[in-house]
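Top line first, the protein sequences correspond to chains A and B.
1 is the number of the first residue of the first sequence in the numbering used here; add one for each residue after it.
1 is the number of the first residue of the second sequence in the numbering used here; add one for each residue after it.
Don't take every hint at face value.
As the list claims (entries may be wrong) - In silico DSSO-like cross-links for lysine-lysine, where the CA-CA straight-line distance does not exceed 30 Å: (1) K247/B / K14/A; (2) K230/A / K188/A; (3) K335/B / K264/B; (4) K3/B / K276/A; (5) K356/B / K335/B; (6) K276/A / K261/A; (7) K256/B / K335/B; (8) K227/A / K192/A; (9) K276/A / K6/B; (10) K276/B / K203/B; (11) K248/A / K261/A; (12) K14/A / K203/B; (13) K188/A / K276/A; (14) K259/B / K14/A; (15) K243/A / K218/A.
Since the hints were made in silico from the structure, they are not lab data.
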Amino acid sequence: MNNKDLMLQHPLAKYLRQERMPHIWCEGCGNGILLNSFLEALDELQLDLDNIVVISGIGCIGRAAGYVNVDSFHTTHGRAIPFATGVKLANPQLKVVVISGDGDLFAIGGNHFIHAARRNVDIKVICANNFNYGMTGGQYGPTTPLEAWTTTTPYGNIEHPFNLVHLAAASGAVYAARWTTLQVRRLKASIKKALQKEGFSLIEVISPCPEIYDRYNKLGTAVEVMKWFKLVSEVHKAYDPAKAVITKNRIIIGEFVDIEKPSYGRLLREMTAQVKEDLEGENTK
Amino acid sequence: MAKNNKAVLTGTHFLSGDLACAEGALAAGCRFFGGYPITPATEIAERMARRLPQIGGIYIQMEDEIASIAAVIGASYAGKKAMTATSGPGFSLMQENIGLAVMTEAPLVIVDIMRGGPSTGQPTMPGQQDVMQAKWGSHGDYEIIALAPSSVQEMFDLTIECFNLAETFRVPVMLLADEIIGHMWERVEIPPSNEITIINRKKPVVPPREYHPFQPDDDLVPPMACFGEGYRFHATGLTHDEKGAPKTVSIPEQTKLVKRLCGKIRTNTDTIIQVKEVTLEDADVVVVAYGIASRAALSAVRKARTQGIKAGLLRLITIWPFPEKLVAQIAEQAKAIIVPEMNCGQLVREVERAAKTTPVSLLSKLGEEPHRPSEIVEAMRRM
Numbered sequence: 001m002n003n004k005d006l007m008l009q010h011p012l013a014k015y016l017r018q019e020r021m022p023h024i025w026c027e028g029c030g031n032g033i034l035l036n037s038f039l040e041a042l043d044e045l046q047l048d049l050d051n052i053v054v055i056s057g058i059g060c061i062g063r064a065a066g067y068v069n070v071d072s073f074h075t076t077h078g079r080a081i082p083f084a085t086g087v088k089l090a091n092p093q094l095k096v097v098v099i100s101g102d103g104d105l106f107a108i109g110g111n112h113f114i115h116a117a118r119r120n121v122d123i124k125v126i127c128a129n130n131f132n133y134g135m136t137g138g139q140y141g142p143t144t145p146l147e148a149w150t151t152t153t154p155y156g157n158i159e160h161p162f163n164l165v166h167l168a169a170a171s172g173a174v175y176a177a178r179w180t181t182l183q184v185r186r187l188k189a190s191i192k193k194a195l196q197k198e199g200f201s202l203i204e205v206i207s208p209c210p211e212i213y214d215r216y217n218k219l220g221t222a223v224e225v226m227k228w229f230k231l232v233s234e235v236h237k238a239y240d241p242a243k244a245v246i247t248k249n250r251i252i253i254g255e256f257v258d259i260e261k262p263s264y265g266r267l268l269r270e271m272t273a274q275v276k277e278d279l280e281g282e283n284t285k
Numbered sequence: 001m002a003k004n005n006k007a008v009l010t011g012t013h014f015l016s017g018d019l020a021c022a023e024g025a026l027a028a029g030c031r032f033f034g035g036y037p038i039t040p041a042t043e044i045a046e047r048m049a050r051r052l053p054q055i056g057g058i059y060i061q062m063e064d065e066i067a068s069i070a071a072v073i074g075a076s077y078a079g080k081k082a083m084t085a086t087s088g089p090g091f092s093l094m095q096e097n098i099g100l101a102v103m104t105e106a107p108l109v110i111v112d113i114m115r116g117g118p119s120t121g122q123p124t125m126p127g128q129q130d131v132m133q134a135k136w137g138s139h140g141d142y143e144i145i146a147l148a149p150s151s152v153q154e155m156f157d158l159t160i161e162c163f164n165l166a167e168t169f170r171v172p173v174m175l176l177a178d179e180i181i182g183h184m185w186e187r188v189e190i191p192p193s194n195e196i197t198i199i200n201r202k203k204p205v206v207p208p209r210e211y212h213p214f215q216p217d218d219d220l221v222p223p224m225a226c227f228g229e230g231y232r233f234h235a236t237g238l239t240h241d242e243k244g245a246p247k248t249v250s251i252p253e254q255t256k257l258v259k260r261l262c263g264k265i266r267t268n269t270d271t272i273i274q275v276k277e278v279t280l281e282d283a284d285v286v287v288v289a290y291g292i293a294s295r296a297a298l299s300a301v302r303k304a305r306t307q308g309i310k311a312g313l314l315r316l317i318t319i320w321p322f323p324e325k326l327v328a329q330i331a332e333q334a335k336a337i338i339v340p341e342m343n344c345g346q347l348v349r350e351v352e353r354a355a356k357t358t359p360v361s362l363l364s365k366l367g368e369e370p371h372r373p374s375e376i377v378e379a380m381r382r383m
């Protein structure tokens, strides 16, 4: 037996396009943990991989679509959600997952997010929130905390950030959860739940950005940021999303929305069936 | 007739251009419409909202035109024939994702019922001001196909043609009509469905393991798998290789891809380009026109002939790719060329480029009124 035979394959290897490795992400970045949790969720649910589509926008996490071994599409900046809407309506058999970043989904793509949530399109949005635009070198975005230093807030951020789970709840999402990359089991459980639930879901993943945002803001190494997550994360059940703050001393995490409501696709199919039935009724009169 | 569970409404109808366009799309197999209301294209959306559910199709009104075209690209990748319809302002918003459709070779149709611009301009007035935007609106180098109908019948026929071209070449194809053609009512003959030519995108013939989503056949067009068919492929707006893997710094990959995207149109111009020629054989003065302006031009050419002027008309049905070779040939024989356009001079530049030394004169018109035949005849006399 030679050494090669003894080498174990990563249990999730079949879910990745091996030829696209190594990935582009920095050491200590939370994107790997996010992707791993997603792949574990797929593995545990034993979903038919031919029926999964992963769609991303632009940014560091946007490359995730290219790494997963399912049908995938890397759209323009901010447009993953409307693209996903077209995919899901055109082929309702598909499970459609959007994996993208806070800037992509909530700044340039913010309008699409609220409208897809309002319509309750059956797509799952997993958002890597690292509080800044990492790919372009660390500019502030719609989730950057007040006073934070970024390359375009050299005197400190004076814009109030979005509370993403509150936005999702107000917009009509049937499921909204927030975890940091520390709570990997809960994150995976949330992804599994969203994948099995009908309707628009948001899972926000607070994610370290050790090379850029965390360094600029002197938050320490990736390990130190994870320790900070451990120190300040507060898990709550059915907490008011409006009060789900993210500050230096408190990160409120948990499931904030978990309700039932017919999806857009279901209502569309019901309406279409009714229209056809009525027409056929008239034709036989 | 809007109450019908048939996709093809065979028979003789009295329709507006917008409605005929919607019926053409349905006859071509379009089963997904993503759009946003805008004058003077709204009637297309309204017709599709009513008709698509009757035949099991999908209508969705998106939050804006950026979302509309994004959803249409998504639906195309999920296997549907898909379209959107808009006017100038919405067309401007779509431009970035038109580039995405070009780059990822998504077959789809974009209808632009042109109104007066720039900006909000004159929403209910005709224009031909988006001609250059149709060709150059998105960033980067690319080739697209744009057809210009000049009657309600052509709104039906050319919409089908747009879908067939989109499916053949895997490109976004544009139907560039103007407000008058969109809102005008005329007789339309809808043929039996078995007499309508329908082309569908070619599918991969290799098993998923051997499928490379951007590996072209000899015609430079790659076969297209769709989501959920088991091919598990990746597509990206980034420069990519034949496997769909991003190639963001490779000069050979950038060159190869962009040249192929342009090449699949450029090498097929002869099969794509459609024109109508009227008394060109011995023409001294040739009018090159498209859309609404070509109707006055036809009348002007006939009138001029009765007055002893050797006039001819080259009506462009395809405006992109521009029929450069044909215009050059005609220019060799003609003494003068007149280009009536409802803008400040857009396609006239292409005509000038092709015509070389033959004098080309623009007859520009803005606002409510299209060209009058008499104005074109006068222009002929001046030449």
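Taking the hints in turn, this is what the structure says about them:
no., hint, in the structure
1, K247/B / K14/A, "holds (23 Å)"
2, K230/A / K188/A, "holds (17 Å)"
3, K335/B / K264/B, "violated (34 Å)"
4, K3/B / K276/A, "holds (10 Å)"
5, K356/B / K335/B, "holds (12 Å)"
6, K276/A / K261/A, "holds (24 Å)"
7, K256/B / K335/B, "violated (42 Å)"
8, K227/A / K192/A, "holds (26 Å)"
9, K276/A / K6/B, "holds (11 Å)"
10, K276/B / K203/B, "violated (33 Å)"
11, K248/A / K261/A, "violated (35 Å)"
12, K14/A / K203/B, "holds (26 Å)"
13, K188/A / K276/A, "violated (41 Å)"
14, K259/B / K14/A, "violated (35 Å)"
15, K243/A / K218/A, "holds (26 Å)"
In summary, the structure is inconsistent with hints 3, 7, 10, 11, 13 and 14 from the numbered list given earlier, while agreeing with the others.
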